[in-house]
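Chemist: Using the sequences and the hints given, assemble the complete structure.
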Amino acid sequence: MAADESNSLEYTPSWVIAAVCFVIVLISLIVERGLHHLGKWLKREDQDALFEALQRLKEELMLLGFISLLLTVLQSVLVRMCVPPYLTSHMLPCKRHTESNNHGKYLSHAINNPRRLTSEDISSEQCAKEGKVPLLSLEALHQLHIFIFVLAVVHAIFCATTVVLGGLRIRQWKQWEDKKGQAKESDRHEFVQKHAGGYWTKSAVVSWMISFFKQFHGSVTKSDYLALREGFIMTHVPRSPEFDFHKYMMRVLEKDFKKVVSISWYLWLFVVLFLLLNVEGWHTYFWLSFLPLVLLLLVGAKLEHIITRLAQEIVDKKKPGQEAARVKPSDEHFWFHRPGIVLDLIHFILFQNAFEIAFFCWILFTYGLQSCIIEKIQYIIPRVIVGIVVQVLCSYSTLPLYALVTQMGSKFNRHVLEAYMGVPLDNLFARKDRHQATPSIFTAITMTKECDQIQEQEMVVIEESKNSTIRNNTSSV
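Number 73 in the working numbering belongs to position 73 of the sequence shown; there are no gaps in the numbering.
In case anyone wonders, no lab produced these hints; they're calculated from the structure. A hint or two may mislead.
[As the list claims (entries may be wrong)] Simulated restraints, written as ranges between beta carbons of each label pair:
{"#": "1", "residue 1": "Ser203", "residue 2": "Trp41", "range": "47 to 53 Å"}
{"#": "2", "residue 1": "Thr72", "residue 2": "Val392", "range": "21 to 27 Å"}
{"#": "3", "residue 1": "Pro382", "residue 2": "Leu63", "range": "29 to 35 Å"}
{"#": "4", "residue 1": "Glu177", "residue 2": "Gln312", "range": "24 to 30 Å"}
{"#": "5", "residue 1": "Thr12", "residue 2": "Trp282", "range": "40 to 46 Å"}
{"#": "6", "residue 1": "Cys372", "residue 2": "Asp331", "range": "46 to 52 Å"}
{"#": "7", "residue 1": "Ser8", "residue 2": "Trp282", "range": "39 to 45 Å"}
{"#": "8", "residue 1": "Val315", "residue 2": "Leu71", "range": "56 to 62 Å"}
{"#": "9", "residue 1": "Val20", "residue 2": "Glu177", "range": "49 to 55 Å"}
In this text, a Cβ means the ideal position worked out from N, Cα and C, and glycines have one as well.
Modeler: Below, the structure written as structure tokens:
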């Protein structure tokens, strides 16, 4: 037991303890202060949606810290739990070739070298006396601890990278927004011809095939943007053509980032399910790496197909001799009439891709390329390529498509509109019946402008009153 005592905190030099604590506390304070100043900067720049996303990220870090603390506190309990040997001989990530020989060598080592026993060795010896084995070794628990940390960090980095790169692509559309004015007849004609021109486009199969390949190049053109922008404005703000649709769209994307950066409970459940199915010979890791790619291609094709459906509706409504009708936003084009499902799928895709990369990096730096979990080299290269393709395609195609096409739903984002106006809608419609449908955006904007005009008039009256008082005082003197 002398070895255990010499390794305890009681027999560790105080300068070592102080130095380690200083470094850990310093790093933690730097990260905490950095996030704090980042939040203040976002508030100062009026980036409320990104500030909320930062708060969600802090919540995830707090959850990660709690998981880490829980694993640390319970590690002594977990390593002392004993189970029958047959329970640990099934569903192994790697096959044990000499399990009985290793077990016999370990018992011989434990008997002949009692002074070298660690707390884990003592637990294993106690389980061996009962004819059992430890439920989980201390080394395995430590490696699991590291994996959870790596997963959370990689997920946050991947989500931030995707939104930043996607945001840069979306900002390129700003030049189309700055031109102002509604889409011209030539723009609508180009939009219709590109998406609904020709006889074969009426076929559902051909339409889906075109939409599938369209997501890889030029997913959004100028005519697409202007036509969809016009449809949104004419539906929700018909009397306000100067409405900044691009700014509104960016605000919605920033709002959605709060959900994307988080790790929901069902995603943690997915992690547990994967760890359960990671069995030697099943190649779960290899086949699962294609899941985000398949879902991403499906989502991209669906978003492109929605644009095609909107163009086909214009063709169906157009009468001979009349101008082309405008785009009519509707929830009917989305899965189950719910545009939010697209965001849920993108959330899962980004997490799954981050999980694949995090798991690969964890195995690589923990066990090396020769690990049986990574398997053969021909399984490694496709997984890495798929991960890169998913990240690039989601950043430069799917996410910009999502930001634009999901505005073609029947409803607008209430919270973003409130931020756009700077006034809560509840204050504007306090006299309205709560059970009535939400008024149009134009009505809200009009009421906001009226409130601003009243405030300006009040300021003028106050200023005139002050000037009058000063003149009276001067004359009396």
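Chemist: Any hints from earlier that this structure breaks? Give me their numbers in increasing order, please.
Modeler: The structure breaks only hint 2.
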